[in-house]
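Visitor: Take a look at the letters that make up each chain.
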Amino acid sequence: MGLALAAALAGFITVASTTSTEQSGLFRHLLPIFTAKTGIEVRVVAVGTGQALDIGRRGDADVVFVHAKPLEEKFIAEGHGVKRYDVMYNDFVLIGPKSDPARVAGGKDVLAAFRKVKEAGAPFVSRGDKSGTHFAELEIWRLAGIDIARDKGPWYRDTGQGMGPALNTAAAMNAYILADRGTWLSFRNRGELSIAVEGDRRLYNQYGVMLVNPQLHPTVKRDRGQAFVDWLISSDGQAAIAAYKINGEQLFFPNAGH
Amino acid sequence: MSASILPLTLDNVAYASNGQPIIPGISLAIEAGPSTIILGANGAGKSVLMRLMHGLLAPSAGSVRWNEADPSSVRRRQAMVFQRPVMLRRSAMANVVYALELAGVPAAEREAQALTALQEVGLRHLAHRPARVLSGGEQQRLALARAWALHPEVLFLDEPTASLDPGATREIETVIKAFDAAGTKIVMATHNLGQARRLGDEVLFIHQGRLAERSPVDQFFARPASPEAAAFIKGELPWV
Amino acid sequence: MLSAIAEGLQRVFALDRELWRIVALSLEVSLSAVLLATVLGLPLAAALAVKQFPGRRGVIVILNALMGLPPVVVGLLVYLLLSRAGPLGSLGLLFTPGAMIVAQTLLILPIIASLARQALEDAWREYEEQLRSLGAEGLQAALTLLWDARFSLVTAVLAGLGRASAEVGAVMIVGGNIDGVTRVMTTAIALETSKGDLPLALGLGFVLIAIVLALNTAAQLIKEAAQRRFG
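Residue numbers (our numbering), protein chains in the order written: chain A, 3 to 260; chain B, 1198 to 1437; chain C, 1423 to 1653.
Some clues are possibly wrong.
[Stated by the list, open to error] Stretch-level coverage of chain C by chain A, calculated; a stretch enters the list once three of its residues show a Cβ under 8 Å from a Cβ in chain A:
1) 1474-1485
2) 1497-1507
3) 1595-1601
Don't read these hints as lab results, they were simulated from the structure.
Using N, Cα and C, we set each Cβ at its ideal position, and we do this for glycine too.
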């Protein structure tokens, strides 16, 4: 019966999201559930956060699903999005070499850890690509009282790369790096790296979803896009998100409506 | 039966290339009837003269006039065979058919006419062979067949045997003589004195781009009037 | 490294249906682009080879220079064209295989046209006098030339195919590397590399190389057989 309903809707929507979200494997798990229920195919274009928002601004996507709240709110303020909803959060973890030159492993305070890394001059890899992860890293430096643009030294490697390649670089250099847990869990090339600091509330990474404004972009598929937004924040969608696990570990924590 | 496209009249024709004058000025008329040999040393300007007459080159001065106003009619009633035959990547017969197609021969008649032409030059048995795998002599005969299939009034030949061995040369000369006998006007450029004597009725001797002498073939070789011609003949045949 | 390759190939063949879909799409996009670029490029090349016109040298220089267009730049330009915010947005081509074909066609058109022009110019030098003597001019001569030079033109087309199969910058931007819709071999390799899954990326890479090798071998065999027949 659900399939008959599904057939009535049919068609597809385009969702602009981030590489880290796709690479975590979440969409492969989540989207078939949505499609089975509604018949709507979801096509995800996974790029950096900046590019995803730009795709939305151009009206080339129907829905934007990223994790950079200040930028999302700006998107709404500019009129490109209808409304922003919290969907889920995952967290960042500070990854470091087992040799731990900055002596931060096992800590619970990421600000203190960052300060120690800078004092020790231990190698640190930054994504440097204006992604959500990059913004999170810059925010932590700021909260730790460090003007990283001014105070960085040769220990700070600004690579301009995605999460995977940046992890590859960190593994090769035995460096510290801030990564999202999802990419870390699927990352295979770990070398000597492991999780140094996790669990600090400041490491939480909030995801938000927005329907691109059909008033500004008339070609946006409003009904189908809204159906996806609605489903993500519905109890069904939230349960599906929670059910996604890698090696038995839950990756994303639904928090719509909190 | 329309009028002949001959005579062909060159009136003060000059040709220069990259500022270099190759033909300073030539006036002559090619009449129907006797086979004409354009004789001269390498670099004398024979090939350029042939191309001016055939219409492949435009003169820088002067005029090239046929006895026929319609250029496409003129084009169809003369043909040229070059020193190196250029064949398309298809069978021997297909190459002749191509020429017939360009000349506007109806499709149903092309194959038969092509085979007849190949027969004339003794290549019928190679009709379906790829033209480019034929020997140099066979390709040149094919070029003659292709030219002859159009039944041209005038056949220009630019050093047709210069690249061939004596055996192939003899075969080509036989075909040319047959065409001559059948009524086609032959205009042939060569530097080969023996060939000129064998095939020609009259000789136009070209020296440094000028027409130095014109006379019937026997007279030319027995009593060359110009010193340049005498020197040329002596240079090639020291025992004359 | 050998074990990484072995593991990669193993996992690649375990992907089965997904791998087939990626391979099929890669072939569809690149072969379509080659077909379009050939249909557009060969007449252009023939015209350049046969006709003298004012500005001809400039066109040739520009065409040669465009051979070196970075794929990612082509992708960006096509993206701006096909975006909803762009002039051709109403076509709705962005993030579909159609956009990828458009981008790759534009990318390889200069390659095919330039190489074909070179081959045709050489051929024209050989054929011009004879064709004009027989009364073939303009379009007729160009068509005859194109058909007769077909074996050297195959090389130009294969060069275009090679470039199209190998590029990732253009198809990534205009296609979006959408799982199941616009993911081709090169973008899949880029994705797996960025995920750090190097064995899988390597495996896919080998499959890509094998396919391109197979296509080139087939073309070479056909070319040789035809050359034996036509000389």
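Visitor: Under 8 Å between beta-carbons, do enough residues of the stretch 1474-1485 of chain C, three at least, approach chain A for the coverage claim to hold?
Guide: violated (count 0)
Visitor: With a C-beta cutoff of 8 Å, work out whether three or more residues of the stretch 1595-1601 of chain C approach chain A closely enough for the coverage to hold.
Guide: holds (count 4)
Visitor: Given as covered by chain A, does the stretch 1497-1507 of chain C meet the bar of three residues or more with CB within less than 8 Å?
Guide: Result for this restraint: holds, n = 3.
This entry does not satisfy hint 1, going by the numbered hints stated previously; all others are met.
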